[in-house]
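Need the complex rebuilt from these two chains, each delivered in its own frame; the hints are there to steer you.
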Amino acid sequence: MSAITVTRLSKSFGAVRAVDDLSFTVGPGTITAFLGPNGAGKTTTLRMILGLVTPDSGSAAIGGGPYRDLVDPVAAVGAVLEAAAFHPGLTARAHLEILRTAAGLAPERVDHVLDQVDLTGAADRRAGGFSLGMRQRLALATALLGDPAVLILDEPANGLDPAGAHWLRGFLRAYALQGRTVLVSTHVLAEIQQIADHVIIISDGRAVFTGPLAPGSDLEELYLEATR
Amino acid sequence: MNRLIHAELVKARASRTVRVLAVLAPLTCMLWAGLGVALLGLEGRMPAEDRIRNVYAMAQQAYLFTLLLGILGTAGEFRHQTITWRFLVTPDRGRVVSAKLAAYGIVGLAVAAVSAAATVAAGALLLHLGGHPVTAPGVPAALLGAVLAVTGYGLLGVGLGALIRNQTAAVAVALIWFMYADYLLTMLLPGLGRWLPTGAARALAGMSMENAELLPAWAGGPLFAAYVLAAVLAARLTTLRRDVT
Ligand SMILES: Nc1ncnc2c1ncn2[C@@H]1O[C@H](COP(=O)(O)OP(=O)(O)O)[C@@H](O)[C@H]1O
Ligand SMILES: [Mg+2]
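In order, the protein sequences belong to chains A and B. Numbering-wise, the working numbering comes out as the position in the first sequence, counting from 1, plus 57. Numbering-wise, the working numbering comes out as the position in the second sequence, counting from 1, plus 12.
Chain B with its partners taken away, still in its complex shape (with noise of 0.2 Å):
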């Protein structure tokens, strides 16, 4: 398992995407801050303190782009049809897909370890620049909250990737679902959407969600990994066992 595991991340580095989508991510974290920041001076309902956290919490917007490290990761191979050397090296199936679970989950990882630290650089910063406090309480706790949900997301783009193998469809449905469709069902049923996967991931980021009552930190944590486990246990019952032509 370990050489499958180290082989995936071989991958990784030598992927030019990879690299890209690695820097996009800390830097759109930057942009969110300094417009959390900006945001800040207008008058609002929400206490301050909660709005100096949020400019900490924008560590979580690296989802998109872990979410489409992992989808590429596993579509990719069906879209290159590498998946066809991959099979052959390793007839099992089912553990080339746990390898890549395992090597996103790293490189989630550090994607996300990597925004959070540019979001609280940013964040500091232009929080000083700006004359405000620089820190609240619950920024810890929220920064760690972001590493871990958007480690999540890359596993769950290679749940996906896995499941649906159409790269173009695995990126459009995980686009349009999360960033669009989840907040739209939200808003319809808010009942439903703390059961839903971002906002199971905004639980786990300690975030607020409008219209929608989240649920404890510790319930989104497993909730959003029976999300990934649906996706994987779905695709080794379907789309893995289909024919490599």
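Here chain A stands alone, though its shape is the one from the complex (with noise of 0.2 Å):
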């Protein structure tokens, strides 16, 4: 069974078709690269996967079912959505121990995902002295708080220094030797092409290419025959 199963997806925002009649599905234990030009599509579809924007036409599944009936979902899906955002005024220990008490989770689990993100020793400053990269840390830890099986990010890597692209790329490919799932949108090729099994290339909302990524091939040739 797919972690991720999207059929026939449409959203169009006014006169703009964001997202057109897109159809792919995400293996577990895999890294799925979501690949496309800006504007593509890509924000809108994990969107829509994550139940926050409502499609025209089509449904998303996520472990079997869409995201809005799951039953504990914090669990099942961890997302770092674009510019993920924080209250400027509270503390990253306090943003986080708002989303554990309102999922339910161990107190314990605030500080592990603090650990896990590099990002202890900023835990009791204000988020918003945060630079981008300390930002997309915080964000992920978010996202790890219910210990997920399925890591849903969009340009994750965006504004992280180099140490902190390299961590993430060892983080992932550590996460999906669990078996866990990771959908992961970048225009970062170079990086996503030393971790990603799988990609997905759209483009003006419609698939352009899916297909498993052979090891030696060259993503950038890829990706630019694709959206031509």
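A hint or two may mislead.
[What the hints assert, rightly or not] Coverage of chain A stretches by chain B, computed from C-beta distances (three or more under 8 Å per stretch; other residues unrestricted): (1) 107 to 118; (2) 141 to 150; (3) 157 to 170.
[What the hints assert, rightly or not] Not the full set, but computed from the structure, chain A residues with beta-carbon under 10 Å of chain B: (4) K68; (5) F70; (6) V73; (7) T101; (8) G121; (9) P123; (10) A196; (11) A200.
None of these hints come from the bench; they were simulated from the model. It should be emphasised that the depicted structure is a prediction, and the values quoted were computed from it without experimental measurement. Built from N, CA and C at the ideal position, the CB exists for glycine as well.
Structure follows, in structure tokens:
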């Protein structure tokens, strides 16, 4: 069974057809790169999978059903969305503590995820003063709170320093090796090429390539060819 | 549900804005009570007993702060886009708003009670110093009514914040409406005043309103609750269903 199934998904914003009859599946235990030019519809697709945006037609299933029907959403899916935001006046720890409480998770989870993303030193600083890279780390920590089986990441490498990007790569690889699933949208092809097993490329809301990424193949060439 | 309410309370406790508003509410009430005592000396048609009761009824003036707390607690989530995280953890959006109603009911009640206590302390002290009688009939009822009304405004704030979503717009609408528009409408159409939220809250608080015959207190409460429910229901049918992008 696939971890994520997108079936004939469409969504328009006014006259803009953001996602157009898009279908794909993401296999469990894989890292799938979700690629496409700016405005291709990646973020809209991910938000529809997560129940935040209602599709005009089609459906998205995660772990067998729609996100809204998940019994324990944080254990099933962790998500980092584009430009993840925080209340500027709250500390990283307070932000995590609020969501941990809402999700009914054990208190130790907060320190654990802070440690996982290497943010323990900044835990008691207000998120308003965080750099883009620190915000990405905090967003990832939030996604990891429920120790989820599936991670959905929207341009997570944005703003990460080279060491951070290197760390993220290792983290995702280890994550998938535990049999978990990662769907990640990114523009950094050289980075994702090193860890992805599958590729989905969309353009103007439509899939233009889906398939495995053979070791040694050139992702950039594949991407440029598919989106031309 | 309990853990969602608890999460809201954790958030309220962590927020500087909440602390500031919670401190300003009783201070404002004390100022109003002081003003009430200062004006006691002036000639007026109102019997002295009513004027003494009105000093304590200034506990009502905390309403702006609980209203703001409710609005910021909901619309603030949209403003800072933290609503995305909330809906990811709890995809049932109605439950998120219900938890906020419960939590800001608790926060509002606490602020209302502290404000009432501060009003009593300041009022009694100043009345005593001014050589006036310190109490009058109907004071406990006025205080209880004020606590209920101030708590109710917190709930109304949650409903308005969810319905309007834009924090600045919600605050502006609420301030204009509850500080001016209701009074203006009541002046223009005296028969209407008792049916407006301010009229209902004042009836609940056992206060009088210029130019308007108010409903009895037992009817003011349910009418005010109906306004809260209407705002929440409207939000569930419209804004809460919208895409979160
Ligand atoms: N809330 C919105 N309102 C109007 N248009 C939107 C909205 N969100 C996305 N779009 C449009 O939908 C298209 C796809 O956007 P998006 O999903 O963000 O693409 P990507 O993430 O691939 O860059 C773009 O043309 C974008 O302008
Ligand atoms: Mg995007």
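Hint check:
no. : hint       : verdict
1   : 107 to 118 : holds (count 5)
2   : 141 to 150 : holds (count 8)
3   : 157 to 170 : holds (count 4)
4   : K68        : holds, 9 Å
5   : F70        : holds, 8 Å
6   : V73        : violated, 12 Å
7   : T101       : holds, 8 Å
8   : G121       : violated, 15 Å
9   : P123       : holds, 9 Å
10  : A196       : holds, 9 Å
11  : A200       : holds, 9 Å
The structure fails hints 6, 8 (numbered hints given earlier, in ascending order).
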